Amino acid sequence: SQQGEEDPQALSIQEGENATMNCSYKTSINNLQWYRQNSGRGLVHLILIRSNEREKHSGRLRVTLDTSKKSSSLLITASRAADTASYFCATDVTGTYKYIFGTGTRLKVLA
Amino acid sequence: DTEVTQTPKHLVMGMTNKKSLKCEQHMGHRAMYWYKQKAKKPPELMFVYSYEKLSINESVPSRFSPECPNSSLLNLHLHALQPEDSALYLCASSQDRGQLYGYTFGSGTRLTVV
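Listed in order, the protein sequences are those of chains S and V. For the working numbering, add 25 to where a residue sits in the first sequence, where the first one is 1. For the working numbering, add 495 to where a residue sits in the second sequence, where the first one is 1.
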């Protein structure tokens with residue numbers, strides 16, 4: 026299975042702290058995306074990083090990609106209670122319309 | 496309009512029922528997707544429509560039947576489902592293969608089969 030593995034599976038932090046979650050995948054990719062899902066509802070696209078990029082920022086989000094290690098990390102700085110959600114990475118299957126989602130990290134930010 | 500709208504939000508159906516899930520987008524996206532998600536699991540791809548043609552069927556049982564009547568609409572027809580089919584069904588759309596801006600997801604239909 027190409028499914029990515031994310032760690033940790035669950036993370037609990039205090040408001041204001043930084044949260045880091047990691048994604049590892051198995052096959053070559055063109056790009057990797059991160060999504061957030063609140064309370065089992067729809068997923069929201071956060072950020073996309075291409076295979077030739079090493080780091081990307083969007084607001085309080087920082088994503089890194091290491092294609093040699095087949096891994097990516099998502100850093101959320103100065104976390105807020107509203108960041109409480111599940112976070113998934115998704116990797117493309119080259120040449121197709123298919124994206125495979127990782128196992129997800131459940132983040133809880135305590136006020 | 497930057498949304499994907501899914502109806503209904505909740506559905507309870509018996510194993511002998513026939514029902515349909517509906518998905519609509521008006522962003523001009525030419526690819527539309529159905530995903531199934533069980534609790535505390537990642538979404539799993541079911542079907543992909545590209546330019547209104549079925550391009551991927553992930554070996555989904557025939558009791559699930561997708562339909563794309565036009566570029567804005569995607570339906571999922573359900574018949575003779577099993578209790579293990581209870582899940583959150585997510586629709587998504589994208590420009591091309593999603594490699595530029597990713598997917599836009601609807602808020603899902605929570606299906607319970609009794």
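Hints listed in this document are in silico derivations from the structure and should not be mistaken for laboratory results. It should be emphasised that the depicted structure is a prediction, and the values quoted were computed from it without experimental measurement. Among the clues, some could well be false.
[Said to hold, decoys possible] To give an idea of the chain V side of the interface with chain S (calculated C-beta under 10 angstroms), a few residues: (1) PRO503; (2) LYS535; (3) TYR544; (4) PHE559; (5) GLY597; (6) TYR598; (7) GLY601; (8) ARG605.
[What the hints assert, rightly or not] Pulled from the structure, derived: some chain S residues nowhere near chain V, Cβ distances all over 10 angstroms: (9) GLN39; (10) LYS51; (11) SER83; (12) GLY84; (13) ARG87; (14) LYS123.
Backbone N, C-alpha and C define an ideal beta-carbon position, used for all residues, glycine too.
Verification of the hints:
Here the hint on PRO503 (chain V) is broken, as its CB sits about 14 angstroms from the closest CB of chain S, past 10 angstroms. For LYS535 (chain V), the interface hint holds, the least distance from its beta-carbon to any beta-carbon of chain S being 8 angstroms, beneath 10 angstroms. Contact between TYR544 (chain V) and chain S, as hinted, is supported at the beta carbon level, the nearest pair being about 9 angstroms apart and thus within 10 angstroms. With a cut of 10 angstroms, the hint placing PHE559 (chain V) at the interface with chain S is violated, because the nearest CB-to-CB distance is about 17 angstroms.
A cut of 10 angstroms between beta carbons decides the hint on GLY597 (chain V): the least distance to chain S is about 4 angstroms, and the hint holds. A cut of 10 angstroms between beta carbons decides the hint on TYR598 (chain V): the least distance to chain S is about 6 angstroms, and the hint holds. Hint on GLY601 (chain V) holds. Least Cβ distance to chain S is approximately 5 angstroms, under the 10 angstroms limit. A least Cβ separation of about 8 angstroms between ARG605 (chain V) and chain S falls short of the 10 angstroms threshold, and the interface hint therefore holds.
For GLN39 (chain S), the non-interface assignment is confirmed: its Cβ lies about 24 angstroms from the closest Cβ of chain V, beyond the 10 angstroms cut-off. Consistency note on LYS51 (chain S): stated as away from chain V, and its beta-carbon is indeed over 10 angstroms from all of that chain's, at 15 angstroms minimum. Chain V leaves SER83 (chain S) outside its interface by the beta-carbon criterion, the shortest separation being 12 angstroms against a cut-off of 10 angstroms. Distance to chain V confirms GLY84 (chain S) as a non-interface residue, since its nearest Cβ pair spans about 16 angstroms, more than 10 angstroms.
No beta-carbon of chain V comes within 10 angstroms of the beta-carbon of ARG87 (chain S); the shortest separation is about 17 angstroms. Distance check for LYS123 (chain S) against chain V: the nearest CB is about 6 angstroms away, which does not clear 10 angstroms, and the non-interface claim fails.
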